[in-house]
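Enquirer: So you can see what is in the structure, the chains are spelled out below.
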Amino acid sequence: MRKRQWTGMWITLLAVVLVLSACGGKSAGTNNDSASSESGSGTSASTTLTIAAATDIESFDPHNNNNTSSEAVLVNVFDYLIKNDSEQKKVPGLATSWEQVNDTTWRFKLREGVTFHNGDPFTSADVKYTLERVAKDNTLKQNSYFKNIVEVKAVDEYTVDIITDGPDPLLLNRLSKMGAGILPAKYIEDNGFDSFLKQPVGTGPYKFSKWAKDDRVELVKNENYFDGEPKWDEVVFRVIPEASTRVSELLAGGVDIAASIPSTDIARIEGEADKKIVKAPIQRVLQLIFRQTEGSVTADPKVREAIDLAIDKQGIVDSIAGGAGIVTRTSVTPGNFGADPSLYKTSLYDQEKAKQLLQEAGYAEGEAEMTISVSSQYKEPAEVVAAMLEQVGFKINLDVLEPSAFSERYSSKSFKEIFMIGIGNSLFDASNNYNRYMLEEAKGESDYNNPEVEKLLQSALVNMDPASREKEYQQVQQIFAEDRPAVYLYQMEGVYGTDNRVNFEPRSDEMFYADEITPAQ
Amino acid sequence: MGKYVLRSLLQVIPVLFIVSLIVFILVRVTGDPVALMLPETATAEDRVVLTQALGLDQPLFTQYMKFLGSALQGDFGQSFRYGEPALQLVLERLPASFELAVAAMFFAIVMAVPLGVASAVKRNTFTDLIISGISVIGKAMPNFWMGIMLILLFSVMWGVLPVSGRGGVSHLILPAFTLGVGLAAQMTRLIRSSMLEILSQDYIRTARSKGLGRMVVIGKHAFRNGLIPVVTIMSLQFTSLIGGTLITETVFSWPGLGQLLVVAVNTHDMAIVQAAVFVIAFIVVVTNILTDVAYRLLDPRIKYD
Numbered sequence: 001m002r003k004r005q006w007t008g009m010w011i012t013l014l015a016v017v018l019v020l021s022a023c024g025g026k027s028a029g030t031n032n033d034s035a036s037s038e039s040g041s042g043t044s045a046s047t048t049l050t051i052a053a054a055t056d057i058e059s060f061d062p063h064n065n066n067n068t069s070s071e072a073v074l075v076n077v078f079d080y081l082i083k084n085d086s087e088q089k090k091v092p093g094l095a096t097s098w099e100q101v102n103d104t105t106w107r108f109k110l111r112e113g114v115t116f117h118n119g120d121p122f123t124s125a126d127v128k129y130t131l132e133r134v135a136k137d138n139t140l141k142q143n144s145y146f147k148n149i150v151e152v153k154a155v156d157e158y159t160v161d162i163i164t165d166g167p168d169p170l171l172l173n174r175l176s177k178m179g180a181g182i183l184p185a186k187y188i189e190d191n192g193f194d195s196f197l198k199q200p201v202g203t204g205p206y207k208f209s210k211w212a213k214d215d216r217v218e219l220v221k222n223e224n225y226f227d228g229e230p231k232w233d234e235v236v237f238r239v240i241p242e243a244s245t246r247v248s249e250l251l252a253g254g255v256d257i258a259a260s261i262p263s264t265d266i267a268r269i270e271g272e273a274d275k276k277i278v279k280a281p282i283q284r285v286l287q288l289i290f291r292q293t294e295g296s297v298t299a300d301p302k303v304r305e306a307i308d309l310a311i312d313k314q315g316i317v318d319s320i321a322g323g324a325g326i327v328t329r330t331s332v333t334p335g336n337f338g339a340d341p342s343l344y345k346t347s348l349y350d351q352e353k354a355k356q357l358l359q360e361a362g363y364a365e366g367e368a369e370m371t372i373s374v375s376s377q378y379k380e381p382a383e384v385v386a387a388m389l390e391q392v393g394f395k396i397n398l399d400v401l402e403p404s405a406f407s408e409r410y411s412s413k414s415f416k417e418i419f420m421i422g423i424g425n426s427l428f429d430a431s432n433n434y435n436r437y438m439l440e441e442a443k444g445e446s447d448y449n450n451p452e453v454e455k456l457l458q459s460a461l462v463n464m465d466p467a468s469r470e471k472e473y474q475q476v477q478q479i480f481a482e483d484r485p486a487v488y489l490y491q492m493e494g495v496y497g498t499d500n501r502v503n504f505e506p507r508s509d510e511m512f513y514a515d516e517i518t519p520a521q
Numbered sequence: 001m002g003k004y005v006l007r008s009l010l011q012v013i014p015v016l017f018i019v020s021l022i023v024f025i026l027v028r029v030t031g032d033p034v035a036l037m038l039p040e041t042a043t044a045e046d047r048v049v050l051t052q053a054l055g056l057d058q059p060l061f062t063q064y065m066k067f068l069g070s071a072l073q074g075d076f077g078q079s080f081r082y083g084e085p086a087l088q089l090v091l092e093r094l095p096a097s098f099e100l101a102v103a104a105m106f107f108a109i110v111m112a113v114p115l116g117v118a119s120a121v122k123r124n125t126f127t128d129l130i131i132s133g134i135s136v137i138g139k140a141m142p143n144f145w146m147g148i149m150l151i152l153l154f155s156v157m158w159g160v161l162p163v164s165g166r167g168g169v170s171h172l173i174l175p176a177f178t179l180g181v182g183l184a185a186q187m188t189r190l191i192r193s194s195m196l197e198i199l200s201q202d203y204i205r206t207a208r209s210k211g212l213g214r215m216v217v218i219g220k221h222a223f224r225n226g227l228i229p230v231v232t233i234m235s236l237q238f239t240s241l242i243g244g245t246l247i248t249e250t251v252f253s254w255p256g257l258g259q260l261l262v263v264a265v266n267t268h269d270m271a272i273v274q275a276a277v278f279v280i281a282f283i284v285v286v287t288n289i290l291t292d293v294a295y296r297l298l299d300p301r302i303k304y305d
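These protein sequence lines are chains A and B, in that order. Just so it is clear: in the first sequence, position 280 is 280 by my numbering, and no numbers are missing. Just so it is clear: in the second sequence, position 193 is 193 by my numbering, and no numbers are missing.
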């Protein structure tokens, strides 16, 4: 009798589990089917593309998002007026042509005959609504990129004028990045923003289908896409935070592409016959930024030079980054406006000279004491840097901070002599790298003060002539290479594992444009 | 009994109040969400605007009173990251965690009950030795390591089970097993010692001398009483399964409460951290009350006044 009761309890438990899991994943079940048919050694070309990333999107509001992995997904749903091709050249998107009317006005001709996923036609009213929303609502995370737009004028149904509060050489860059994805004005006005977020609608090649938070985003083909029929029937973005799980998922054939492969797993993937590793430089340069306040050890240019010479950058790339990095003496890397290629793919390393410089600066062995603050994500390269600096006679206190603690110290500008950070550049323009060294911004952080640089940077900020503006930034780079307000370690590379059933060439902006990824024949 | 339950429920209120206060203060002294939310080009002025918009410029006390006022109406604020009500986001994840916890518990019971009873009944034999050995290993094995090993074996090498994500029953097996093993090991040892103690009691000897069958003595007399401490452990473990599946959920990309909490802590999403901890605390307290009730049902000698 008793025994039967217990058996009953187990069966009940089992039933509960089955019921619960059945409610859990209807669509995941279908995904499973497609995954297994894919792994069945490619009888026909698969029509589902599955990509695994480490972090989820934040929302389908392109204005209130501030992470690259969100944009990487959203670019498939929302179109920009201007697109960056894979080499960061501006090409037509929803705008077919554009011209500068005067210093503060740009005119855009819009593409005709484009419809949103709900069938509404795309017109200048949508551009006005989209850009004015992000420009005016200062609680949106993308507002700081767009707030210099004072008005968007709908000249006619397919022409808009974008007016800025002053000359803005970066307007085109702004219009081709997150925050500029065109939203459907009428749909949002009719249904409200909350319903838009639940059932987002754009003009892009893929339509929203489902978002299970921290699990997956599912998109389906937009058959009416203006630029021809999209390549995949379905695109699935999976969220797999744990790197080893992401790698396993790739090895097991559950995903076609896995992003952010740790250097320790590269060999494992390369060892598989049907998988490979692809890499591309990304917009992030790992660097040490110095405090130059009076009395700080790092205020002495000789000390900064000694630091630069003491670090074997290529050695760090080879050992810590698994080869996924490119040494550089500038943070404005090729593909960005204002880059100076002569400072790229090169680095200085001379321990003997570093020792000598430290002596000239008046420090005996172990006397030059400095604190390097770093977020725990860069702990390993920071440890190696510290060891290299100690070899030439510095005394280093390594201050490894949990990421949110690092962010807080970063925004409150309370680091000591050095902080180590990987800085990205979503605008693909040198201004993004240098604004922090302008007098006002540098106050309290680096306290960098160089009148010549200040003049160049102020001028470049509003210079509407690209050729002379580029020169200004190149000049700044040459000065920085000698003056060293920062020492650049290397440009990071994005490391992806892919299955041979797809052809994927990673982009430097880390976007996943599904239609640039093709099934292997 | 009814009075007891009522009084316990009233005690829940101060507990939850204290939990909310502690979490509230902790998330506010450990970092600045504004810094994580804004892009790298944001100016000091942008930070001020956002800080004000989020109400983070006000004194801690004012913020807490505001939080408490809305929390009493079931509003735990908006998630910074998702821009949606935090409580709703937490409750959305609960089924996933609950599913995993129940499945893990199921695995644990299925493994632990027969093993525990067998090793008690056959104490100091080879069987006992083997079972004890297994349970020591099971308990010592770290969850994440075991999860990764299971993935390598069952998914990567043999391809019989999916690696990660939430879907049908097949997605549930590996994470539930991973979570269940440690629990099973603990329960096995507990059932063993509890059964051993009871098997040496007078009433068992009496039952045996009455000529009752072996199965009846063990099954009816000993097992039921041996279960009391096990129920305690089970309930404690169940609550930790709900709240503390962080590692397992992360390894298997299981979109439950644990994973939500990990991401929320990393992105400093205060509202979610507060709501999640509050919900976990609520579940713990309620489970404890249910445990007490279960005690009484199993052993009528336990009295409440």
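One should not assume that every hint holds.
Computed cross-link-like contacts, EDC-like style, restricted to lysine to aspartate or glutamate with a CA-CA straight-line distance of at most 20 Å [what the hints assert, rightly or not]:
id, chain 1, residue 1, chain 2, residue 2
1, A, Lys198, B, Asp57
2, A, Lys198, B, Glu92
3, A, Lys413, B, Glu84
4, A, Lys136, B, Asp46
5, A, Lys213, B, Glu84
6, A, Lys210, B, Asp57
7, A, Lys210, B, Glu45
8, A, Lys136, B, Asp32
9, A, Lys379, A, Glu408
10, A, Lys413, B, Asp32
11, A, Lys395, A, Glu408
12, A, Lys147, B, Glu92
13, A, Lys413, B, Asp57
14, A, Lys213, B, Glu92
15, A, Lys413, B, Glu92
16, A, Lys90, A, Glu505
17, A, Lys147, B, Asp32
18, A, Lys443, B, Asp46
I should point out that these hints are in silico values taken from the structure, not numbers from a laboratory. Since the structure is predicted, the reported quantities are computational estimates derived from the model, not experimental observations.
Enquirer: Please go over all the hints and tell whether each is borne out by the structure.
Expert: Here is how each hint holds up against the structure:
no.: 1; hint: A:Lys198 x B:Asp57; in the structure: violated, 31 Å
no.: 2; hint: A:Lys198 x B:Glu92; in the structure: holds, 15 Å
no.: 3; hint: A:Lys413 x B:Glu84; in the structure: violated, 31 Å
no.: 4; hint: A:Lys136 x B:Asp46; in the structure: holds, 13 Å
no.: 5; hint: A:Lys213 x B:Glu84; in the structure: holds, 12 Å
no.: 6; hint: A:Lys210 x B:Asp57; in the structure: violated, 37 Å
no.: 7; hint: A:Lys210 x B:Glu45; in the structure: violated, 37 Å
no.: 8; hint: A:Lys136 x B:Asp32; in the structure: violated, 24 Å
no.: 9; hint: A:Lys379 x A:Glu408; in the structure: holds, 17 Å
no.: 10; hint: A:Lys413 x B:Asp32; in the structure: holds, 13 Å
no.: 11; hint: A:Lys395 x A:Glu408; in the structure: violated, 26 Å
no.: 12; hint: A:Lys147 x B:Glu92; in the structure: violated, 35 Å
no.: 13; hint: A:Lys413 x B:Asp57; in the structure: holds, 18 Å
no.: 14; hint: A:Lys213 x B:Glu92; in the structure: holds, 9 Å
no.: 15; hint: A:Lys413 x B:Glu92; in the structure: violated, 38 Å
no.: 16; hint: A:Lys90 x A:Glu505; in the structure: holds, 19 Å
no.: 17; hint: A:Lys147 x B:Asp32; in the structure: violated, 23 Å
no.: 18; hint: A:Lys443 x B:Asp46; in the structure: holds, 17 Å
Hints 1, 3, 6, 7, 8, 11, 12, 15 and 17 from the earlier list are contradicted by this structure; the remaining hints agree with it.
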